[in-house]
Amino acid sequence: MTANENGTRVSCDNQEPAPSVYGPMVVREGSLLELNLSGCIAHATSNVSAAGCGAKLQAQRECTNTACAANCPVPKNDSKALNARRECFAEADNDACASHNDAATRCLEGDLPDAATVCVEGTFEERAKAYVALFCGK
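Residue numbering for the sequence shown follows numbering that gives the first Met the number 0, beginning at 0 and increasing consecutively.
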């Protein structure tokens, strides 16, 4: 697995990630590792369209990250700052990102196919392994 120059996209098999494509994980601000839930759902449901649940979740994540990145930076190993970021996400979901959050929530609360359970069940480590298998075929 490799990250591209700006460290925001992690890809499979030492391939340079495409600028607009996320792999199984996303590194935010150089240290925050996030599982690519939206990509996992898009792959697992075989719906990578803009109307799919994965795309709606991605729009919500990008909105909250944009709303909170500048105002709530998270230095490495700073749990207080991480909690402040989470609070910012919750506020953004109810304010600036409400329409994106509503669309993503409707998808996630709907009937996701059994194939998508790999995206939401288990520990972080278990889900990370499942994401790599789904994205990278390993």
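Just so you know, these hints were derived from the structure itself, not from any lab.
Take the hints with a grain of salt, since some may be wrong.
[Unchecked claim] No more than 20 Å apart at the CA atoms, straight line, and that leaves these computed lysine to aspartate or glutamate pairs for EDC-like: (1) K128 x E108; (2) K79 x D113; (3) K128 x D110; (4) K128 x E61; (5) K75 x E86; (6) K75 x D113.
[Claimed, not checked] Here are the simulated distance ranges between beta carbons: (7) P72 x T122: 33 to 39 Å; (8) V20 x A68: 30 to 36 Å; (9) S48 x S98: 17 to 23 Å; (10) A49 x N76: 19 to 25 Å.
In this text the structure is predicted, and so the values were computed from the model without any measurement.
All residues carry an ideal CB built from backbone N, CA and C; glycine is no exception.
Structure-based check of each hint:
1. K128 x E108: violated (24 Å)
2. K79 x D113: Violated. K79 to D113 sits at ~36 Å, over the 20 Å cutoff.
3. K128 x D110: Violated: K128 and D110 sit about 24 Å apart, past 20 Å.
4. K128 x E61: violated (23 Å)
5. K75 x E86: holds (18 Å)
6. K75 x D113: Answer violated: K75 to D113 is near 36 Å, above 20 Å.
7. P72 x T122: 33 to 39 Å: Check failed, 27 Å falls outside 33 to 39 Å.
8. V20 x A68: 30 to 36 Å: violated (20 Å)
9. S48 x S98: 17 to 23 Å: holds (19 Å)
10. A49 x N76: 19 to 25 Å: violated (37 Å)
This entry does not satisfy hints 1, 2, 3, 4, 6, 7, 8 and 10, going by the numbered hints stated previously.
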